[in-house]
Amino acid sequence: SQKIEQNSEALNIQEGKTATLTCNYTNYSPAYLQWYRQDPGRGPVFLLLIRENEKEKRKERLKVTFDTTLKQSLFHITASQPADSATYLCAALRSSSNTGKLIFGQGTTLQVKP
Amino acid sequence: DAGVIQSPRHEVTEMGQEVTLRCKPISGHNSLFWYRQTMMRGLELLIYFNNNVPIDDSGMPEDRFSAKMPNASFSTLKIQPSEPRDSAVYFCASSLGGRGEDEQFFGPGTRLTVL
Chain A
10 SQKIEQNSEA LNIQEGKTAT LTCNYTNYSP AYLQWYRQDP GRGPVFLLLI
60 RENEKEKRKE RLKVTFDTTL KQSLFHITAS QPADSATYLC AALRSSSNTG
110 KLIFGQGTTL QVKP
Chain B
14 DAGVIQSPRH EVTEMGQEVT LRCKPISGHN SLFWYRQTMM RGLELLIYFN
64 NNVPIDDSGM PEDRFSAKMP NASFSTLKIQ PSEPRDSAVY FCASSLGGRG
114 EDEQFFGPGT RLTVL
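Those sequence lines, one after another, are chains A and B. FYI, in the numbering used here the residues of the first sequence are 10 to 123. FYI, in the numbering used here the residues of the second sequence are 14 to 128.
It should be emphasised that the hints constitute simulated quantities derived from the structure, not laboratory data. Think of the CB as a built atom: it goes at the ideal place given N, C-alpha and C, for glycine as much as any other residue. Any given hint could turn out to be false.
To be clear about the criterion: a stretch of chain B counts as covered by chain A if any three or more of its residues have a C-beta under 8 Å from a C-beta of chain A, and this derived list gives those stretches [as the list claims (entries may be wrong)]:
hint, region
1, 32-40
2, 86-99
Below 20 Å or equal to it, Euclidean Cα-Cα: the simulated DMTMM-like pairs (lysine to aspartate or glutamate) are [what the hints assert, rightly or not]:
hint, chain 1, residue 1, chain 2, residue 2
3, A, 110, B, 115
4, A, 12, B, 57
5, A, 80, B, 70
6, A, 110, B, 114
7, A, 110, B, 31
8, A, 66, B, 70
9, A, 72, B, 114
10, B, 81, B, 31
11, A, 68, B, 114
12, A, 72, B, 115
13, A, 68, B, 69
14, B, 81, B, 69
15, A, 64, B, 114
16, A, 68, B, 115
17, B, 81, B, 70
18, A, 12, B, 31
19, A, 110, B, 27
20, B, 91, B, 69
21, A, 66, B, 114
22, A, 72, B, 116
23, A, 110, B, 116
24, A, 66, B, 76
25, A, 66, A, 76
All chains, please: the whole structure from these sequences, using the hints.
Structural data, given as structure tokens:
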């Protein structure tokens, strides 16, 4: 079955370092990957989208890569801050059809320590 | 815009009772999604609508679950009868179009506890 997998273990890093989160997908080839941030008690908030023909996308301190050979996306936060502490969710199309049906990963919790 | 609005924010009910969750999408958005989030299963898509029409309800767990969208500004998710395993946070989201590249805007969620 189609699956999105993210590291279930929390990632703890020191303020100022770069955080790198991993998203792996199996049994399909998504046309898009989206990354969302979720804070406790709140709904996910969209951060970035990357298309299968894009290798990298940047937005301020955020960078996302999409490697269709490895079937993997990496999400980087440079110069991390305690305010970046949250759960980050990776999401991809459930099928090759161009609809809004997303499959979400379980999310990786990031803790940035001052 | 106030964003996606969901009510109630919290619901505690007893097994066997009917539960109705409500959602008001962002004005002008054509697609609406209902998700369920649990620790075990993460965020799962239950059903989504495009232009008020249900497009895919394959994620709806059982016949006890039903969803309606009578107009572009309102949707409901009903569980009847509710069971303890339905306890979860239910999110409603909307997007401008129904395309895979459209970002989805999530509401604050309804935390449902079925005793």
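Now for the hints, and whether the structure bears them out:
| no. | hint | result |
| --- | --- | --- |
| 1 | 32-40 | violated (count 0) |
| 2 | 86-99 | violated (count 0) |
| 3 | A:110 to B:115 | 10 Å, holds |
| 4 | A:12 to B:57 | 12 Å, holds |
| 5 | A:80 to B:70 | 28 Å, violated |
| 6 | A:110 to B:114 | 10 Å, holds |
| 7 | A:110 to B:31 | 27 Å, violated |
| 8 | A:66 to B:70 | 32 Å, violated |
| 9 | A:72 to B:114 | 17 Å, holds |
| 10 | B:81 to B:31 | 15 Å, holds |
| 11 | A:68 to B:114 | 17 Å, holds |
| 12 | A:72 to B:115 | 19 Å, holds |
| 13 | A:68 to B:69 | 32 Å, violated |
| 14 | B:81 to B:69 | 12 Å, holds |
| 15 | A:64 to B:114 | 16 Å, holds |
| 16 | A:68 to B:115 | 17 Å, holds |
| 17 | B:81 to B:70 | 11 Å, holds |
| 18 | A:12 to B:31 | 32 Å, violated |
| 19 | A:110 to B:27 | 32 Å, violated |
| 20 | B:91 to B:69 | 16 Å, holds |
| 21 | A:66 to B:114 | 14 Å, holds |
| 22 | A:72 to B:116 | 17 Å, holds |
| 23 | A:110 to B:116 | 11 Å, holds |
| 24 | A:66 to B:76 | 42 Å, violated |
| 25 | A:66 to A:76 | 12 Å, holds |
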